[in-house]
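Peer 1: Work the whole structure out from these sequences, hints included.
So the sequence shown is numbered by our numbering: it starts at 9 and just counts up by one.
Mixed in with the good hints there might be a few duds.
To be verified - Per label pair, the in silico range of CB-to-CB distance: (1) G34 to E226: 21 to 27 Å; (2) S231 to D23: 47 to 53 Å; (3) A78 to G227: 33 to 39 Å.
It is worth saying that the hints were derived from the structure and are not from the lab. Every residue gets a Cβ at the ideal spot worked out from N, C-alpha and C, and that includes glycine.
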Amino acid sequence: MTAADLSAIQHALSDQYRFERLLGQGGMGEVYLARDVMLERHVAIKVLPAADAGDGEQLERFLREARTAAQLSHPHVVPIYFADQVAGQAFFVMSYVDGESLAERLRARGPLPVSDVVRTMREVSWALAYAHARGVVHRDVKPENIMLERGTGRALVTDFGIAHSQDHTRLTLDGLVVGTVHYMSPEQVQGHALDGRSDLYALGVLGFQALSGRLPFEGASASAILVAHLQSQPPSLRSVAPQVPTSIATVIDRCLSKDPAARFESGEALADALGAALEAAELEAARDEAG
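Peer 2: Given below as structure tokens:
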């Protein structure tokens, strides 16, 4: 975003918001920390630069993120407060999560404790189950889109920029596969109609990465990774992270099934399986410690 663009939107919103600093930026705009002077709270404001607002595809994707997330009221989904277009730029105001993304935590710490990963996966599973029940498939579940709240560790799902209703026509350029290649389900790679089980595949990749420190599929190019999702069997989690309890590894491995029917049928079912697996692992560890 140019300095002129930023100045224009700051001026247009100055009656209610005071911009403080840039939090991050990506392919779908820039996110700023701001102070809501009327409600006396911090918020995050995501802005689509004027140059991109003139691109109909980009603008519709950006606004769809706001519309989709605004329909979802859940403890593990980042809430959207307001959206509009001013000074030639689209923006939306959302809750500010004081914390870090799961991607940032993984970069800083490497593989995470089993109990932490299971908790995060269960909370994301509940959020996805809620969205799926309303016909919304996220389609871009990855560590960058999971925020971890400072102090509580609560996980919140964000960035519904390529989410769509299950019965909605795909909004994409001809031939463009939408999503992040390392986390895409086989059916998403093929451009098939998706349901919630595609998101659970991505969540399985995320869990595999968080527990082992590596991804199940790597490649020299994006196309090589996409082919691997379609044709290659992932390594079992315990083959690369033997410290992970068998009960938990079995759940993660099931998420990575090529056939959606072989995965968990819902986010709630996955969350329940993870909870039972962690309980079984803790009981086994207690028995081993007792001798």
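Peer 1: Compare the structure with each hint and give your call.
Peer 2: Status of each hint after checking the structure:
1. G34 to E226: 21 to 27 Å: Given about 22 Å between the Cβ atoms, the range holds.
2. S231 to D23: 47 to 53 Å: holds (49 Å)
3. A78 to G227: 33 to 39 Å: holds (37 Å)
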